[in-house]
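Colleague: What follows is each chain in one-letter form.
Number of protein chains: 4
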Amino acid sequence: MPASPFDSAMYRDLLHDAGTSRLISDSAEVRAMLLVEGALARVQGAAGLIPDTAAAFIARSAMEVQIDPAALAAETGRSGVPVPALVAAFRKAMQAPDYARYAHWGATSQDIIDTALALRLRQMLTLWEERLRAILAALAALAESHAETPMAGRTWGQVASPTTFGAVVAAWGAPLLRHLERLEEMRPRLLAVSLSGAAGTSSALGDDPAALRAALAEDLGLADPGESRHTMRDTMAELSGWITLVTGTFGKMGRDLSLMTQSERREITLGRTGGSSTMPQKQNPVDPELLIALASHCAVLNTGMQAAQVHAQQRDGAPWFTEWLTLPTLCMAMGRATALARTLTASISPDIPNMARHIDDGSGLIWAEALSFALSDQLPRPEAQAVLKALCAETQGSGTPLPDLMARDHPGIDWRALCTPQAQWGTAPAEARSFARRARC
Amino acid sequence: MPASPFDSAMYRDLLHDAGTSRLISDSAEVRAMLLVEGALARVQGAAGLIPDTAAAFIARSAMEVQIDPAALAAETGRSGVPVPALVAAFRKAMQAPDYARYAHWGATSQDIIDTALALRLRQMLTLWEERLRAILAALAALAESHAETPMAGRTWGQVASPTTFGAVVAAWGAPLLRHLERLEEMRPRLLAVSLSGAAGTSSALGDDPAALRAALAEDLGLADPGESRHTMRDTMAELSGWITLVTGTFGKMGRDLSLMTQSERREITLGRTGGSSTMPQKQNPVDPELLIALASHCAVLNTGMQAAQVHAQQRDGAPWFTEWLTLPTLCMAMGRATALARTLTASISPDIPNMARHIDDGSGLIWAEALSFALSDQLPRPEAQAVLKALCAETQGSGTPLPDLMARDHPGIDWRALCTPQAQWGTAPAEARSFARRARC
Amino acid sequence: MPASPFDSAMYRDLLHDAGTSRLISDSAEVRAMLLVEGALARVQGAAGLIPDTAAAFIARSAMEVQIDPAALAAETGRSGVPVPALVAAFRKAMQAPDYARYAHWGATSQDIIDTALALRLRQMLTLWEERLRAILAALAALAESHAETPMAGRTWGQVASPTTFGAVVAAWGAPLLRHLERLEEMRPRLLAVSLSGAAGTSSALGDDPAALRAALAEDLGLADPGESRHTMRDTMAELSGWITLVTGTFGKMGRDLSLMTQSERREITLGRTGGSSTMPQKQNPVDPELLIALASHCAVLNTGMQAAQVHAQQRDGAPWFTEWLTLPTLCMAMGRATALARTLTASISPDIPNMARHIDDGSGLIWAEALSFALSDQLPRPEAQAVLKALCAETQGSGTPLPDLMARDHPGIDWRALCTPQAQWGTAPAEARSFARRARC
Amino acid sequence: MPASPFDSAMYRDLLHDAGTSRLISDSAEVRAMLLVEGALARVQGAAGLIPDTAAAFIARSAMEVQIDPAALAAETGRSGVPVPALVAAFRKAMQAPDYARYAHWGATSQDIIDTALALRLRQMLTLWEERLRAILAALAALAESHAETPMAGRTWGQVASPTTFGAVVAAWGAPLLRHLERLEEMRPRLLAVSLSGAAGTSSALGDDPAALRAALAEDLGLADPGESRHTMRDTMAELSGWITLVTGTFGKMGRDLSLMTQSERREITLGRTGGSSTMPQKQNPVDPELLIALASHCAVLNTGMQAAQVHAQQRDGAPWFTEWLTLPTLCMAMGRATALARTLTASISPDIPNMARHIDDGSGLIWAEALSFALSDQLPRPEAQAVLKALCAETQGSGTPLPDLMARDHPGIDWRALCTPQAQWGTAPAEARSFARRARC
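Chains as they are written, first to last, in the working numbering: chain A, 6 to 446; chain B, 6 to 446; chain C, 6 to 446; chain D, 6 to 446.
Just chain A, same shape as in the assembly (with noise of 0.2 Å):
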């Protein structure tokens, strides 16, 4: 009975990505390590490290055999690594010593790992790419259609001036199109093979060991790195770092719409909502909230793998638990964090007569900035800002519109006609616009 919450059955539908999971569990481990040891012996026996035959055969075995990952268990616990217990267990499966003995030659666990680990991640990237996109064109669209819708922009919790729903969709958007960037740039670094040995030295494989790991690289379509790097962590920090950018991204979307849903706003619907158990009036936004609460959770859990940088020596214990113990979990907030923002920007619904509603709630306080620069055509500006920082200050206190206020004391302008979202929405629009058109390339 899993004790993970992205594995709980329970929160299954809260907090599980089946995609990204299949691709971190035991048996996706032990299918990778497999391809590795298959390839490897591929690539030995084509440089001629080991028989042909037998490479052909242990080859041919790292797709067919079964292993369970929980026979593993013993050995791996005693190891530290389950690579001792899979090499046991595999050269066992395959039922021909004389053959098997040629499986895992000249590499150390860590080869192993790391490479699977990179089969894996690479798969894991195609995937969340592919939801990346997905979301980019949602929020393309979305902020499309409404570019011209306008909305309250708020600052510090306070109504602003106005801006458009297209807008603020941009800017949740726009990030994503430099995390695709970042990815693009990422990847050559992180998708490697790991062939050095024991030491890092390659010691024992082979006159050769560059071209075979060249080789290997070619045999999986992952890049060759050129050099071991075993105690290099940055890639694996990279990535996590990239993960925790993404997040955050996503994060700021959920703050925004979480805000939006409040009983004061309802400036969005959303495709599902919470209910409570006692109140029948409530309609939760449960999804924007476990986006923040994701975001904040890789923030978190992404110190770790920074800190496990520190690896010491040839290869050390400690950081590299950490990495285990941490980049999974990662990965599954990733995997649900994009699944959810997926659905998510699929579902959102503006209420526009709502957001129309809180522009102006009366008091034309969204305007005051606008007025300001209107008055500076007839006061210098330090003055027009005084005189609107009075006027606000009595709006505040009596209630009356800001552009009544306006109209007494500076009469003969038509201070009304500048109070509209169109006058002052600014390259709200065009922003929008410019993301969509961006977002579809």
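Any given hint might turn out to be false.
Intra- or inter-copy, both count: the list cannot distinguish identical chains.
[Unchecked claim] With a straight-line cut-off of 20 Å between C-alpha atoms, the simulated EDC-like cross-links for lysine to aspartate or glutamate are: (1) K394 to D382; (2) K394 to E80; (3) K97 to E149; (4) K394 to D366; (5) K394 to D213.
Since the hints were derived computationally from the structure, they do not count as laboratory data. Predicted, not measured: the structure shown is a model, and the values here were computed from it.
Following the hints, position chains B, C and D against chain A.
Modeller: This is chains B, C and D only, laid out in the frame that chain A set:
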């Protein structure tokens, strides 16, 4: 197939703690929530809030019904909390609508969840405390046996002056005594019922909600907080901090043990060490390194629990989710760390000859401080220190042992007699014995 | 020119706390270390370890000499610790070599640093405790005055059911009572002398180092730990954890206050709000937001202090440096948070009409739970809940107030009478008053 | 008197980096903000938004006026941002109200703050990059010189198989090459102007705000983001992540160096080591340990920057404050780490005889893997491994060197000939040279 390393079948013997896992699992949560619903009905029946017969039926049913956690997933995904689904399933499972309708009367989801958590944490604390006491007993025995086993004290990784292995062990164990003290202080704050309804005002809990909460507390053997604590998360954060303190102490022990197994030192043997997939000679300090990693993992996860104190209004989504994402993993890490420390401390065996060998590597530098104090009988202390500093440099350059240089430059005193562990171990034996005595109380 | 925001001249009124800063500064550290050297000489003189006259002279000099922290920089950079430079400068400043040579007799750097830190932390805890008590007094007054000031309870950002402002205030303050409890528990563990020499064995501290440590403790008014704690960092980690708990509580208050100042709510006015460089109407909740940021900052910094528990062997470099890099900033954040919370809590003024206005926005949805319980007199509770759920949906669609729909569908009962804060605020007034009472003890 | 360790006069030579500090200080911030105000006026003048003469006057004044940061404190405390106070002081200092009133036209505080930060970060990145290149040069020289200096490879703290010191150095340096790559990728994203007004809509920035922003970018030599990024904090989070990666790499080097200075190893000498206040023989690895602590500090602080991505609405308080509390310290830590790594790498000197001595401690266990492969010519590999495992155990028990046991049990082969570093160092020399080559490009 679980994706969390703590639940992995393959890493089971490395990372899993069955005792803690059992209390974290979905079924444990469901079971505990039903217990709370049962107790709630019982005290509400006694208070006349719901009919006696309904109360008795609900309370009995809560013990008997089987509810599949997976069946709650869909509704839990929607609500963000499992209680609405649980209450519905419970009511249905009772097959007695006339009674069932009185279940969960006036309570809110959080009442049930937090109280059910307190019930499970009570068991976890008991389990962990037993282990802490077993660890203390093992360390007390080691400290006592080796109160006078000489060992080089090391600061900044360098040989400093002599200590004893018993004193080193005492420094591992003594913080655990304070952790038990802190546990006693924390328990009544943490293990409390929650019963205050939707907005923390007990508005649907009858005429005397305070008495009802007190009765529930007594029924369940938990403390009555005397207030609504829905948004006061300090006790959860305190628990998280306590776990971090305890695992941090184990991390320090792990670091020391790991350093003691270095090839150049070999001052310790452990019951279980790790082999390599390719290097036949390796005996890796797997368990000590794992203790370090678990300490680091808890220190990182703790951040999330602390940040989750910023819990908005009368209940909030994201910080609550953050607790759910974090606390189970913290508990699993604590469970594993305590279990591992228990087996590890029972298997520690010092290599006394190697310890002795490292005290004086022939250079006699370890005696430098002692010699400087002895020379302070003849010279002002600053001068004596300067003399010794110069002689240490000479020893480091020429290899001539420091005591020989002292004999050469300051004849007439038997410097060698000072250069024994027994003459210089100071209070180390007393520290060891004092710890052993306190650990046994 | 300081680079830390807490020391910035420009951000002084935002971030600086003079009271705490005074105790953190270089000169405070030097002064405290000299006090410790003086007290050490005094008790060593009394114990006959060093000549009486020297002891008296050193003790007096420690009070009188002026040592410029900057003059210690070069040697501190080399040693990694300021004590060697300090002792040299102290000896020189005494201008009496025959006495000066007995200064720092048998102690190690860490004895001086940790004891001097305990002296300064004692003052900081006193300062912070005074502020906490002042904050409690302010919150108690608010809670009492507004025990019956109705306010909408909100969960998940949405109006839930009524509470009172006094009860909300009580939830901000009650954790502080527990923090004071924890402070009392922590103090004797934290405020202890350190005196155990280079390797923690007191080997150069005479025949009865335990008595000497006890005498030093008495002289300085600190606790005698009864052991060497050089590498037991649990008390430092506990302090860090406590700071994080306290600032977390302020963060929750900050979050609530900030939300209450939203344009749509305006349920509160604060003594100090922030203006904008361009928007005349803004009254930004600067101080509440700063409390949130300080809480987050402490939660993050705390990770470093927790991780620093993994302190190798008889003393270690990196974890000690980590404490030095982290603890002063944590203390500055705590100092600022307590000072800010004190002025903020003294300036909170609820906007009672706005609070009233938000309880029922005309929809009457806030009464849904209460109506469902009232209807449960006529219908089984699950059916009553279903009825209300349907009516809530109708209200949300049509805008017809929920009580009107109840009157339409379930005539004969005066539903409106139930729909008042007074009828539904439950224990909120009692919670408020109970907190006020406890806060005054 | 500063309270931050990075600003401390006493810890100056340990922790302070003047180069970075200069760019972080209040006066640097004021200076940079004035530069931005000046450039803004210039481009607004050119665009006809403000009068030419005013623009020229403001731009010139921005270079000339002296504004005391401390004088901005009171208003900064109130506003939460320094810009209103700065603009007021700037306008006043110009002593030409008719021009001054056009300063800060249409911009918001965040435009000024973020652009001014970009200007200072540009200089910091340049400074840090220079240092990184100097460090690479030093490491390249070391790697090349010692490409064939044999050294024991160690995994899990235990001797594994031989490597060379040059290869070890290469593993310290190679991630820096990737960090430079990442820096190039990050720069255009990070070093961008901000100009989009109060709600990110440029509503008071004239008819063509996009052209204005582009002009400002060109004027200041920064990138034009092509959008409003007020609430997109991904570039700040990316910078923080990059700093954490770089310092993490130094932390790994620090850990290795620190372990190499252990009394039992002494494989390295450093230019600067720390003495003890009481132990004359100590040469503590102060600088390596400090690198570890700085890495840990950055990994922790980074969490705050990542969490601050969850930035609400069109601007938020707490996450922005979190950046201000965190980023300067991160930069100071990065500054110190790069400066320290530069001096440290220039001072590293391997102790070649000691390195040689540790390769084979007489047990010959370091050759176990090599012997197992050699024996695999005669026996199937699993059997050969089993043979060696048994012989290793015998060696560990009896002390008879492993090669002697091989000679006894498997005569006829000159096993000793295999047991040399040169025969077993594999690709270590090539790794060292390849790094040196790449580091010089």
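Colleague: Just pull the numbers of the violated hints for me, sorted ascending.
Modeller: 3, 5
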